[in-house]
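> Listed below, chain by chain, are the residues.
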Amino acid sequence: QKEVEQNSGPLSVPEGAIASLNCTYSDRVSQSFFWYRQYSGKSPELIMSIYSNGDKEDGRFTAQLNKASQYVSLLIRDSQPSDSATYLCATFTGGGNKLTFGTGTQLKVEL
Amino acid sequence: NAGVTQTPKFQVLKTGQSMTLQCAQDMNHNSMYWYRQDPGMGLRLIYYSASEGTTDKGEVPNGYNVSRLNKREFSLRLESAAPSQTSVYFCASSEATKTGGQYFGPGTRLTVT
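Top line first, the protein sequences correspond to chains A and B. Quick note on numbering: our numbering labels position 85 of the first sequence as 85, and the sequence is numbered without any gaps. Quick note on numbering: our numbering labels position 6 of the second sequence as 6, and the sequence is numbered without any gaps.
Worth double-checking, as some hints may not be accurate.
To be verified - Label-pair distances were calculated between CB atoms; the ranges are: (1) B:T54 - A:L11: 24 to 30 Å; (2) A:Y39 - B:T86: 40 to 46 Å; (3) B:E73 - A:Q80: 33 to 39 Å; (4) B:Q17 - A:P14: 28 to 34 Å.
As the list claims (entries may be wrong) - Straight-line distance between alpha carbons at most 16 Å, and here's what the computed EDC-like set of lysine to aspartate or glutamate pairs gives: (5) A:K56 - A:D27; (6) A:K108 - A:D83; (7) B:K14 - B:E79; (8) A:K67 - A:E15; (9) A:K98 - B:E59; (10) B:K71 - B:D38; (11) B:K98 - A:D27; (12) B:K71 - B:D26; (13) A:K98 - A:E15; (14) A:K42 - A:D83; (15) A:K108 - A:E15; (16) A:K98 - B:D26; (17) A:K56 - A:E15; (18) B:K98 - B:D38; (19) A:K2 - B:E52; (20) B:K71 - B:E52; (21) A:K42 - B:D38; (22) A:K98 - B:E79.
For the record, the hints were derived by calculation from the structure and aren't laboratory data. None of these values were measured; they are calculated from a predicted model. Backbone N, C-alpha and C fix where the C-beta goes; we use that ideal spot for every residue, glycine too.
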């Protein structure tokens, strides 16, 4: 089982819709979770972090964490074509210093 | 602030050649990291430096060496490049390990022929 799993997609949503990106993790002691956005040919950009159960909102982005289910998600409201990118989920694993990344979900926002 | 900078942006090497990838950050971060990103494999940690003066192996350290020159700079060296090291290399930094997100440089696209 991979430590951090994401559906590779592509996930296609129409402009203005809500995009829901999901991530599961295997390490029960993981405490910190991050979402990165990566445009094609560019470096990952940190967009959200979440540390406790529940929702965290930042503009059009909402991160949701459920530690009991080992599940973290990212909702993007009012999706725009500029949101088209690959979204990477990451968490510290093994109680150590290593930030483990999922392989990412490609999001396509269509006009 | 420039954030995290990397040089060079692109590099082509022949098998057996050596080179050093440079990374610098101006955010006064304590921790720095080197990753490689390959299609279908995601980001994999090569080496990291939790603080100035320390370095540790990550997931895929074989064939690489690192130097934490000072708090700002962290270099990655390929002593004898192999085609399997063809990849995109990213440097990242964070305030500390285990907490907080990491901030990435623009990357170096390396091809080994």
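> Can you list which hints this structure breaks, lowest number first?
Failing hints, ascending: 1, 2, 4, 5, 8, 10, 13, 16, 17, 18, 19, 22.
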